[in-house]
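K.L.:
Given next are the chains, with one letter for each unit.
2 protein chains.
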Amino acid sequence: MIDLVKNYSVIARRAKRSIIRELLKLTEKPDIISLAGGLPDPATFPHEEIKEIASFVLDKNSSSALQYSSTEGNTKLINEIVKWKQKEGLNISAENVLITSASQQALDMLGRVFIDASDPIIVELPSYVGGLGAFTSYGAKMVGVPMDEDGVKVDLLRQSLENLKISEEHYKLIYLVPDFQNPAGITLSEERRKEVIKLSREFETLIVEDSPYRELRYEGIAPKSIYELDNTGNVVALNTFSKIFVPGFRLGWVIASPEIIKKLVVAKQNMDLCTANFNQCIAAEFMSRGLLEPHIEKIKKVYEVKRKVMLDALDTYMPKHEELTWTKPDGGLFLWLTAPSGIDTEELFTKAIEKKVAYIVGTAFHCDGGGHRNMRLNFSFPSQEQIVEGIKRLGSLFEDEIADRKM
Amino acid sequence: MIDLVKNYSVIARRAKRSIIRELLKLTEKPDIISLAGGLPDPATFPHEEIKEIASFVLDKNSSSALQYSSTEGNTKLINEIVKWKQKEGLNISAENVLITSASQQALDMLGRVFIDASDPIIVELPSYVGGLGAFTSYGAKMVGVPMDEDGVKVDLLRQSLENLKISEEHYKLIYLVPDFQNPAGITLSEERRKEVIKLSREFETLIVEDSPYRELRYEGIAPKSIYELDNTGNVVALNTFSKIFVPGFRLGWVIASPEIIKKLVVAKQNMDLCTANFNQCIAAEFMSRGLLEPHIEKIKKVYEVKRKVMLDALDTYMPKHEELTWTKPDGGLFLWLTAPSGIDTEELFTKAIEKKVAYIVGTAFHCDGGGHRNMRLNFSFPSQEQIVEGIKRLGSLFEDEIADRKM
Numbered sequence: 001m002i003d004l005v006k007n008y009s010v011i012a013r014r015a016k017r018s019i020i021r022e023l024l025k026l027t028e029k030p031d032i033i034s035l036a037g038g039l040p041d042p043a044t045f046p047h048e049e050i051k052e053i054a055s056f057v058l059d060k061n062s063s064s065a066l067q068y069s070s071t072e073g074n075t076k077l078i079n080e081i082v083k084w085k086q087k088e089g090l091n092i093s094a095e096n097v098l099i100t101s102a103s104q105q106a107l108d109m110l111g112r113v114f115i116d117a118s119d120p121i122i123v124e125l126p127s128y129v130g131g132l133g134a135f136t137s138y139g140a141k142m143v144g145v146p147m148d149e150d151g152v153k154v155d156l157l158r159q160s161l162e163n164l165k166i167s168e169e170h171y172k173l174i175y176l177v178p179d180f181q182n183p184a185g186i187t188l189s190e191e192r193r194k195e196v197i198k199l200s201r202e203f204e205t206l207i208v209e210d211s212p213y214r215e216l217r218y219e220g221i222a223p224k225s226i227y228e229l230d231n232t233g234n235v236v237a238l239n240t241f242s243k244i245f246v247p248g249f250r251l252g253w254v255i256a257s258p259e260i261i262k263k264l265v266v267a268k269q270n271m272d273l274c275t276a277n278f279n280q281c282i283a284a285e286f287m288s289r290g291l292l293e294p295h296i297e298k299i300k301k302v303y304e305v306k307r308k309v310m311l312d313a314l315d316t317y318m319p320k321h322e323e324l325t326w327t328k329p330d331g332g333l334f335l336w337l338t339a340p341s342g343i344d345t346e347e348l349f350t351k352a353i354e355k356k357v358a359y360i361v362g363t364a365f366h367c368d369g370g371g372h373r374n375m376r377l378n379f380s381f382p383s384q385e386q387i388v389e390g391i392k393r394l395g396s397l398f399e400d401e402i403a404d405r406k407m
Numbered sequence: 001m002i003d004l005v006k007n008y009s010v011i012a013r014r015a016k017r018s019i020i021r022e023l024l025k026l027t028e029k030p031d032i033i034s035l036a037g038g039l040p041d042p043a044t045f046p047h048e049e050i051k052e053i054a055s056f057v058l059d060k061n062s063s064s065a066l067q068y069s070s071t072e073g074n075t076k077l078i079n080e081i082v083k084w085k086q087k088e089g090l091n092i093s094a095e096n097v098l099i100t101s102a103s104q105q106a107l108d109m110l111g112r113v114f115i116d117a118s119d120p121i122i123v124e125l126p127s128y129v130g131g132l133g134a135f136t137s138y139g140a141k142m143v144g145v146p147m148d149e150d151g152v153k154v155d156l157l158r159q160s161l162e163n164l165k166i167s168e169e170h171y172k173l174i175y176l177v178p179d180f181q182n183p184a185g186i187t188l189s190e191e192r193r194k195e196v197i198k199l200s201r202e203f204e205t206l207i208v209e210d211s212p213y214r215e216l217r218y219e220g221i222a223p224k225s226i227y228e229l230d231n232t233g234n235v236v237a238l239n240t241f242s243k244i245f246v247p248g249f250r251l252g253w254v255i256a257s258p259e260i261i262k263k264l265v266v267a268k269q270n271m272d273l274c275t276a277n278f279n280q281c282i283a284a285e286f287m288s289r290g291l292l293e294p295h296i297e298k299i300k301k302v303y304e305v306k307r308k309v310m311l312d313a314l315d316t317y318m319p320k321h322e323e324l325t326w327t328k329p330d331g332g333l334f335l336w337l338t339a340p341s342g343i344d345t346e347e348l349f350t351k352a353i354e355k356k357v358a359y360i361v362g363t364a365f366h367c368d369g370g371g372h373r374n375m376r377l378n379f380s381f382p383s384q385e386q387i388v389e390g391i392k393r394l395g396s397l398f399e400d401e402i403a404d405r406k407m
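The listed protein sequences derive, respectively, from chains L and H.
Quick note on the numbering used here: the first sequence kicks off at 1 and runs consecutively.
Quick note on the numbering used here: the second sequence kicks off at 1 and runs consecutively.
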């Protein structure tokens, strides 16, 4: 075999296997309780409905369901999405929508269409690892802005934007996961959303609103989406069926101005021509039968309980220490734990695996090397019993660590 | 809305909508007979089997079928592919295989992993438009090497490789569609395959063997695949279920050395995490029941007849002119027509649409601006009646053109 080193591209040399992926491998042993992944609970999958609809679609129109779709996506699915989102207040039509092979493809597509090597972009601290991965592979120079309980700190965001303007550079985009953020579980307040929009106009920066969990709210009132609040085409909104329907179909959609959608369509032509039409037909039929919204209500009930189980277990089993805290998300799949200073969750990871419990290290979500005191805990996939037992094991681990350090 | 021009990436500014796509829109009117597309005949889709298997998969294992798959792909599907290809003589195991969201994603992935802006690569003249599109978007500098009836001319290929070596540059890869090429319908002879392999070693260049039609041979004996003949890891082979099963699942696979597969897996993590597991489960079950190979035999019978219908119609309806010729492919979906000098198929296209018949202009497949005397004709999608009537219309068009020019 020839020596390939000189044949690889800069992107290939830059790309690293995802830390999460490598850690997840360690957690696959059957006796380990994994609070690490981010998978939906398969008990929520509407398999009977999918079975019935798959048959229906194949009986009714297999010639087109099994054929290529257009790059933009299946017309019926697009129209169903438009109807649904219009009902929620979005001012959109079919030309604002592009079907993607789930959100990760949309992130990759945005990297491709907006980011050249060394282009500065803004991300949250912490931020979604799949977004960081996609943008890194295009060579983005990521600047992280910290969050508090109301989301990204807009005063620091302004500072970052101004600093770069002084040196006559330009942020291509601001990447936000505003609803029950992965990993932090935090929701960006409506007031801050408005301020971010103001900043995006002032500094001519696109906002990418990545919102896979928005529909999974278990309490409180949803702030309006950034896309709705802006309504001028400066926001690209990413959505997915992975958490509200099934991930195994790889279906998502982008909402953006027709101008941006056109650019994304050209990119998608080169990326995969089109998303699987069979899956799109099933999802479209599921929606047109009015099944999606009641289905989301069912999922919410399952996860609301699991969230409570995890929060209760944390209250019960975590040692009391003023620096040991966790977020209490109103929705989504994750919460974010901060360990007392002096405890490094990367170092702790091996001990956790010995205690047969796993989490994702906070550093995986930080573009700036931070996050050493954090871990992400998932409550959607493990069973209620596993959540309790997992948190118990983590609690005893923290007790040992705190005792060792005489904190 | 902000002015986006300065926000777009170099790739986005470079990308053009595909010519084919734009032309195909013109051909969508119901009274136009389109010999332009490259779609499989939906009559060949095994919808009853898919329906039954979809139910089976959902009954048996919906929890995993509707969940995320690993990035590498569904293990059962990989194993089925390995068994099948081993039987054909390939020396591979599971670590040589990556499931992709069909071949276009594999092409994009190869661009990402091997091509930096301005990197020289070699393509055939003509070449597959989806490959040209993917590689162009990464900024590849494409050098075209002409073909004759035995495929790419290896003496000219050597010349290109040597020319570049003199200037101390390096071709990253040679992109070949060696079996019933899209668009030309030509198959690369086994002798030439061996010579190409020799050249790839001498000049340390990777070979990309894109072979979506290999299984669709209607006569003659298949030369060994380039991957099999090489057997040293210098070949990346691309395969797809689109033409031998259904395109609406978006399923394909790459066969390559484990080292390259690992690089591609990292790229795929950032591109779409994984391919739809539901579709992979159905394809795996279809294969494990032994249905794929007999199904391919059925498809071959349909297309063999259609090919004959088109070749007979060409013999019957095309005016006799020594410069008006077409290929007689042993398989695949396309043939390639060359018009007499003086006739430009781009100029002819409008007249063809007036006569209610459509084809793809040869220039779409040329990286060097050539192909003005060529057109690609598809025989898989149109009905037998449409093929005859379409060729009749084209024949009368050529008669007019030749008479006008007093050729």
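Note that these hints are calculated values from the structure, not bench results.
Don't take each hint at face value.
Computed spacing ranges between beta-carbons, pair by pair [what the hints assert, rightly or not]:
1) H/Asn-231 with L/Pro-319: 37 to 45 Å
2) L/Met-1 with H/Asp-155: 34 to 42 Å
3) H/Ser-93 with L/Glu-22: 48 to 56 Å
4) H/Ser-63 with L/Glu-346: 28 to 36 Å
5) L/Lys-60 with H/Asn-79: 51 to 59 Å
6) H/Val-5 with L/Ala-117: 53 to 61 Å
7) H/Ser-63 with L/Asp-31: 41 to 49 Å
8) L/Pro-319 with H/Lys-6: 27 to 35 Å
9) L/Glu-191 with H/Asp-59: 48 to 56 Å
10) H/Val-5 with L/Glu-323: 45 to 53 Å
11) H/Asp-400 with L/Met-1: 53 to 61 Å
Here are a few chain H residues that sit away from chain L, every Cβ distance over 12 Å (derived from the structure) [claimed, not checked]:
12) Pro-42
13) Asn-61
14) Gly-133
15) Ala-134
16) Pro-146
17) Lys-172
18) Phe-245
19) Lys-268
20) Met-271
21) Gly-290
22) Lys-308
23) Val-309
24) Glu-323
25) Thr-350
26) Glu-399
In this text, all values refer to a predicted model and were calculated from it rather than measured experimentally.
Ideal Cβ positions, reconstructed from N, Cα and C, are used throughout, including at glycine.
K.L.:
None of the hints should be skipped; say for each whether it holds.
P.N.:
Cross-check of the supplied hints:
1. Taken as a hint, the range 37 to 45 Å is violated for the pair H/Asn-231 and L/Pro-319, whose Cβ atoms sit roughly 60 Å apart.
2. For L/Met-1 and H/Asp-155, the Cβ-Cβ distance of about 26 Å falls outside the hinted range of 34 to 42 Å, so the restraint is violated.
3. Judged by the Cβ atoms, the range 48 to 56 Å given for H/Ser-93 and L/Glu-22 is violated: they are separated by roughly 22 Å.
4. Distance hint check: the CB atoms of H/Ser-63 and L/Glu-346 are about 32 Å apart, consistent with the given range 28 to 36 Å.
5. Judged by the Cβ atoms, the range 51 to 59 Å given for L/Lys-60 and H/Asn-79 is violated: they are separated by roughly 33 Å.
6. For H/Val-5 and L/Ala-117, the hinted distance range of 53 to 61 Å is not satisfied, since their beta carbons lie about 19 Å from each other.
7. At roughly 20 Å, the beta-carbon separation of H/Ser-63 and L/Asp-31 lies outside the given 41 to 49 Å, and the hint is violated.
8. Under the hint 27 to 35 Å, the C-beta atoms of L/Pro-319 and H/Lys-6, about 52 Å apart, miss the expected range.
9. A hinted range of 48 to 56 Å for the beta carbons of L/Glu-191 and H/Asp-59 is consistent with their spacing of about 50 Å.
10. Between H/Val-5 and L/Glu-323 the CB atoms are about 48 Å apart, so this pair conforms to the stated range of 45 to 53 Å.
11. The supplied range of 53 to 61 Å is met by H/Asp-400 and L/Met-1, whose beta-carbon atoms lie about 56 Å from each other.
12. Interface exclusion of H/Pro-42 from chain L breaks down, the closest Cβ pair being 4 Å apart, not more than 12 Å.
13. With a least CB separation of 10 Å from chain L, H/Asn-61 falls inside the 12 Å interface cut-off, contrary to its annotation.
14. H/Gly-133, annotated as away from the interface, has a beta carbon of chain L within 12 Å; the closest lies near 5 Å.
15. Annotated as non-interface, H/Ala-134 brings its C-beta within 12 Å of a C-beta of chain L; the closest such distance is 5 Å.
16. Every CB of chain L lies more than 12 Å from the CB of H/Pro-146, the least distance being 25 Å, so the non-interface label holds.
17. Not every Cβ of chain L is farther than 12 Å from the Cβ of H/Lys-172; the closest lies at roughly 5 Å, contradicting the non-interface assignment.
18. The Cβ of H/Phe-245 sits about 9 Å from the closest Cβ of chain L, inside the 12 Å cut-off, so the non-interface label is violated.
19. For H/Lys-268, the shortest C-beta to C-beta distance to chain L comes to about 9 Å, within the 12 Å cut-off, and the non-interface label is violated.
20. Not every CB of chain L is more than 12 Å from the CB of H/Met-271 (nearest about 5 Å), against its label as outside the interface.
21. With a closest Cβ-Cβ approach of about 20 Å to chain L, H/Gly-290 is found to remain outside the 12 Å limit, as its non-interface label requires.
22. Residue placement check: H/Lys-308 keeps its beta carbon more than 12 Å from all beta carbons of chain L (closest about 24 Å).
23. Listed as outside the interface, H/Val-309 is consistent with that label: its C-beta sits roughly 20 Å from the nearest C-beta of chain L, beyond the 12 Å cut-off.
24. Distance check for H/Glu-323 against chain L: the nearest CB is about 34 Å away, which clears 12 Å, and the non-interface claim stands.
25. Look at H/Thr-350: its CB is around 24 Å from the nearest CB on chain L, clear of 12 Å, so calling it non-interface holds up.
26. Every CB of chain L is more than 12 Å from the CB of H/Glu-399 (nearest about 34 Å), matching its label as outside the interface.
Hints 1, 2, 3, 5, 6, 7, 8, 12, 13, 14, 15, 17, 18, 19 and 20, counting from the list given before, are not met by this structure.
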